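A.B. asks: Taken in order, these protein sequences are the chains called A and B.
Read in order, the letters of the first sequence correspond to residues 210 to 605 in my numbering.
Read in order, the letters of the second sequence correspond to residues 210 to 605 in my numbering.
Be careful, since some hints might not be right.
Note: identical chains are not told apart, hence a pair may lie in one copy or across any two.
[What the hints assert, rightly or not] Computed cross-link-like contacts, PhoX-like style, restricted to lysine-lysine with a CA-CA straight-line distance of at most 25 Å:
1) K220 with K470
2) K559 with K586
3) K474 with K220
4) K586 with K551
5) K234 with K474
6) K595 with K548
7) K548 with K534
8) K344 with K236
9) K243 with K344
Simulated from the structure, these hints should not be mistaken for laboratory data.
This one's a predicted model, so the numbers in the text were calculated from it and none came from an experiment.
Protein chains: 2
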Amino acid sequence: MINERMAELGKERSVIREIFEYGNKLKSEIGEDKVFDFSLGNPSIKPPQEVQKTLENLIKTESPIALHGYTSAQGAASVRMAVADSINNRFAVGITPDDIYMTCGAAASLTISLSALCNDGDEVIILAPYFPEYKVFIKNARAIPVEVKVSSNDFQIDADALERAITEKTKAIIINSPNNPSGAVLNENSIKTICKILLNAQNKYNNPIYIIADEPYRELVYGAKVPYIMNHYDNTLVCYSYSKSLSLPGERIGYIAVSPKSADKNSVYAAVCGAGRSQGFVCAPSLFQKLVERCTDAVADIEEYKKNRDLIYNALCEYGYEPIKPDGAFYLFVKSPEKDAKSFCDKAKKYGILIVPSDSFGVEGYFRLSYCVDYGKIERSLPLFKKLIEESKQYE
Amino acid sequence: MINERMAELGKERSVIREIFEYGNKLKSEIGEDKVFDFSLGNPSIKPPQEVQKTLENLIKTESPIALHGYTSAQGAASVRMAVADSINNRFAVGITPDDIYMTCGAAASLTISLSALCNDGDEVIILAPYFPEYKVFIKNARAIPVEVKVSSNDFQIDADALERAITEKTKAIIINSPNNPSGAVLNENSIKTICKILLNAQNKYNNPIYIIADEPYRELVYGAKVPYIMNHYDNTLVCYSYSKSLSLPGERIGYIAVSPKSADKNSVYAAVCGAGRSQGFVCAPSLFQKLVERCTDAVADIEEYKKNRDLIYNALCEYGYEPIKPDGAFYLFVKSPEKDAKSFCDKAKKYGILIVPSDSFGVEGYFRLSYCVDYGKIERSLPLFKKLIEESKQYE
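Turn these sequences into a full structure, and let the hints steer you where they fit.
C.D. replies: Okay, structure coming up:
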């Protein structure tokens, strides 16, 4: 009688959230120190000092009526100007404030972009492994997710697989680099390959195909270079969030940047505005808009993540696990020592270790571990990871 | 090629926003003191002192990682507990934290509730005059808005009109009291009449019909009593926002409360969670969730709005206008001195007066004036309102 699809979505919840909630319950039962929750991508490092100071300052000195008032639906002009300047300074793409639409975070950026671009029944390609909510967001726009696996040896693009997946109904492809859950960064070669295939398909079907670049982890890289898609492909929308770069995941602040070179750019931008309006995003939270204006280029101290990565990566290798060495984000994607990753992750629970089986990311036989947790916690978990793989080997 | 409906929505924008943006442009051209912008419901009074102090305090003393981190999708448990307590203390409806879902403000509350309840082609009744975005939000849920005019003499319910509008496809009715744009409060008699008609229709069609109570203005009343719908009708969802009560419209914080007596309550709540997830609302902004937990019952000083109301209402009456005396909110709904309200509002622009013609609210022949502006500004506008009606009378 009500919308059963929504009730289903609400009941099942995401696998990741499910494990996170289980972890909270477990903590209250057996004590926080005995639970090692590697399930959720909840940043564990403080926002940059600049953020803290700017917040205090804004609240103390600005008129609260202006500070907390509505902004224009697409975001305050001064905020969009700061964002556009920051993008141009780094990537020289000639973007203007009128190409920027401020959002309530990356998820909102995605649902709005998808609804703006897609008509019922359009196809949207996602590269597996992928963030599981992509499928939910694509279906929200009444479009159809089409999965393409990346190459399993280096997690770069599989050109043949991508070519095979494109049809006349392909409206967009979501590229997420650095990737959640694998931590892999698509190198320039992969990006060029993708763009070439899309250009050919655009010509063949005489229809624009858009790249939706989901980039919340752009700033979280350990030496790797992340190509800026707009410099390689015109029909691009960048979905950004400050959740990770400024360590403010709960505050829901990000943006959509429409490439000034997009075909029919004004209509695409208008559709973004229309989709935001339609879904009830009146404006992005105003205090954090004004914060972003003043801290556009600040980045949380990712050295801590790098230390965490090195600690857990090296230890797991030593114990006999086979993790993908991540170039970015704060996830480690590890081959499951047992064929059935779900059953392995269930075994891990007995040790208080919460990790996510890869099935919901669109590939089998891996688990994901978020290492955005306390260093000491990782240290204390290591003997348990060792026992866990030893136990698994007994059953081989 | 892209979604044309979204592009249309983005291009047309709302009539109200359009006038607001025009006002900003005009201000930069002829000077802020010469523009009298009564177009937008942007609160003009400060947040309560408690809000300011709590914000300063949270930022100074709480761990930033916890303060700005993700919360559960439905909102932090402690926040939902505070909200449930506040509702129970005032209305004794026996609501629990698990009936509360924190949102990014009233618009999000509405789009989520509508998507949770409606299937494609369901009908949703709205009472004219109505907030124009209701139609956009209903269509977002792929449902059909059905308009029912309230009684034009007292702006209470027209029972016959409501009965005629209900069909077997009716899924919900949106009730907005105090009302935007009229400022009218539906009295207990009207609420009882509505509930009786809905109960009969539920029995007739053997289908639940939900009341969606959109209540951002509940706290903004000048003596009138606003019945709490859950005490009159079981299948009720309350959509609340702290935008007006705490004067934080840009911060996007509110909630959905599902009546614990709703038919199939658990599924309704799950569908709310599913719809929020589907549209990319990961969680309501975390800092403002924690603020709400500590300031649940604070209310901005509405005496200022009352002073504004009395000033503008009395003056317009004196000049020969015929406004509806508002019991709540901060809007004055005034009969247009010319039959064509649009042309009258265009005339007003010449005086720098920005008011909204009533056509987009679903009724003809009125204009809406938001009196949530500076008292001095209203005072200075009065001679212009006088000239405006005198000019109009010349053309009669």
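A.B. asks: Against this structure, judge whether each hint is valid.
C.D. replies: Now the hints, each set against the structure:
no.	hint	result
1	K220 with K470	between (42 Å within a copy, 19 Å between copies)
2	K559 with K586	within (17 Å within a copy, 67 Å between copies)
3	K474 with K220	between (39 Å within a copy, 13 Å between copies)
4	K586 with K551	within (23 Å within a copy, 65 Å between copies)
5	K234 with K474	between (48 Å within a copy, 24 Å between copies)
6	K595 with K548	within (18 Å within a copy, 81 Å between copies)
7	K548 with K534	within (20 Å within a copy, 72 Å between copies)
8	K344 with K236	neither (31 Å within a copy, 45 Å between copies)
9	K243 with K344	neither (34 Å within a copy, 51 Å between copies)
Comparing the model with each numbered hint stated earlier shows that hints 8, 9 do not hold.
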